[in-house]
Amino acid sequence: MLSVSPPLQAGTPLALLKDLDQGMTGPRSQVLVLGTVHLQEMGQDFKPGSLDSLLERLAGFKPEIITVEDESGEACDLALRHPAKYGEDYCKRPAEAQAATGLDIPAALAEVERTLKNWPATPSAAQRRRLAALFLAAKESASAAAQWLQLTQAQQHAGDGLNEALVGQLQRLVQRPNESIQIAARLAARLGLQRVHPTDDHTGDRLKLDDTKAFVTELEAAWKSEGDLLKREEERSLAPLKRGSDLLPLYRFINRPEYLRALARANIVGPMTAASPRRYPQMWVGGWEVRNLRMVANIRETFRERPGARVLSIVGASHKPWFEQWLSQMQGLDLVDAIQTLDQQAPRPLATSTPLPP
12 MLSVSPPLQA GTPLALLKDL DQGMTGPRSQ VLVLGTVHLQ EMGQDFKPGS LDSLLERLAG
72 FKPEIITVED ESGEACDLAL RHPAKYGEDY CKRPAEAQAA TGLDIPAALA EVERTLKNWP
132 ATPSAAQRRR LAALFLAAKE SASAAAQWLQ LTQAQQHAGD GLNEALVGQL QRLVQRPNES
192 IQIAARLAAR LGLQRVHPTD DHTGDRLKLD DTKAFVTELE AAWKSEGDLL KREEERSLAP
252 LKRGSDLLPL YRFINRPEYL RALARANIVG PMTAASPRRY PQMWVGGWEV RNLRMVANIR
312 ETFRERPGAR VLSIVGASHK PWFEQWLSQM QGLDLVDAIQ TLDQQAPRPL ATSTPLPP
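If you read the sequence shown in the working numbering, its first letter stands for residue 12, the second for the next number, and so on.
Keep in mind that the hints were calculated from the coordinates and are not lab data. Treat the hints loosely; a few may be bogus.
[Stated by the list, open to error] For lysine to aspartate or glutamate, the following DMTMM-like pairs were computed, each having C-alpha atoms within a straight-line distance of at most 25 Å:
hint, residue 1, residue 2
1, K73, D257
2, K103, D211
3, K58, D257
4, K253, E80
5, K128, D88
6, K103, E85
[Said to hold, decoys possible] Here are the in silico distance ranges between beta carbons for each label pair:
hint, residue 1, residue 2, range
7, D56, L27, 46 to 56 Å
8, N129, A95, 38 to 48 Å
9, D348, K29, 18 to 28 Å
10, W130, R290, 45 to 55 Å
11, T126, L27, 36 to 46 Å
12, E300, D221, 20 to 30 Å
We put the CB at the ideal spot given by N, CA and C, even for glycine.
All chains should be built: construct the whole structure from the sequences, respecting the hints.
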């Protein structure tokens, strides 16, 4: 298991909570945080097949819950209803899906919950098509993709809430170079999971600023020193790995403690020591921490009613140190070492009829 905190001294605040769960009944939850690159940034270099070895290792962990760095339908609905406060940078209204289903985001989310509550052990193709349509209307695209990928090619057609426009959406979606699709949705489909849980949250990092231009200028200047060091290391070590036909070595590299420490320093050291009269860079750090705290809380919520669950959280690598620091303080939970998981011998492929992207 992964230790991410120094030993606690008796009497410190965290020591007051240490070992309270030692006598717990039943198995402890196992949480694996996988730091990822954003696949969209790889452009033409990305090929879905390059993730096959990574998916084999992750399948061996046998997660029961998969979370991703996407905003949930609830978060998007909140932002859309309060654009002056939260903005609409990360959410667009799912107009085509809403028109096809007749449901807005809250109604679609409620229908998703009702559907999954009565979900059969062996769902029909029609049930999967309908659930995919509901997920699109609920603004949960990775879950829609997971349903679509559990249909055979002959079953991937309009009907049961899906019109031709939504079928086109899904066909494009499953080819998108995005880790929520190419890792999370593909893995969920392979393991027979019914959804992918979006846990991102931008409600706490939309800063109230007097001068946005000055904020950007000061923050970029604060990042420069540590950022330049990180950029040189990434050009030397990371760039060749991104061009490989197998991305498993890339994921081993970016989940190493040494690389994660460099990412954390690049994000925080410069802003915290910047000589800014308005302290804009430190404001950014505050927003960054609020975002990570809320994301970690959202992850914890996914297995709140499932003590002992096996959870895979897929997130941009720069978030991983914060996730592991805070998750490690929670009760009844053990962190799983990502490097050990990725270094294990690949398990035998699971039997599945799911047509995965080539």
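Inset, instruction - If any of the earlier hints don't hold here, list their numbers in rising order. - result: Every hint satisfied by this model.
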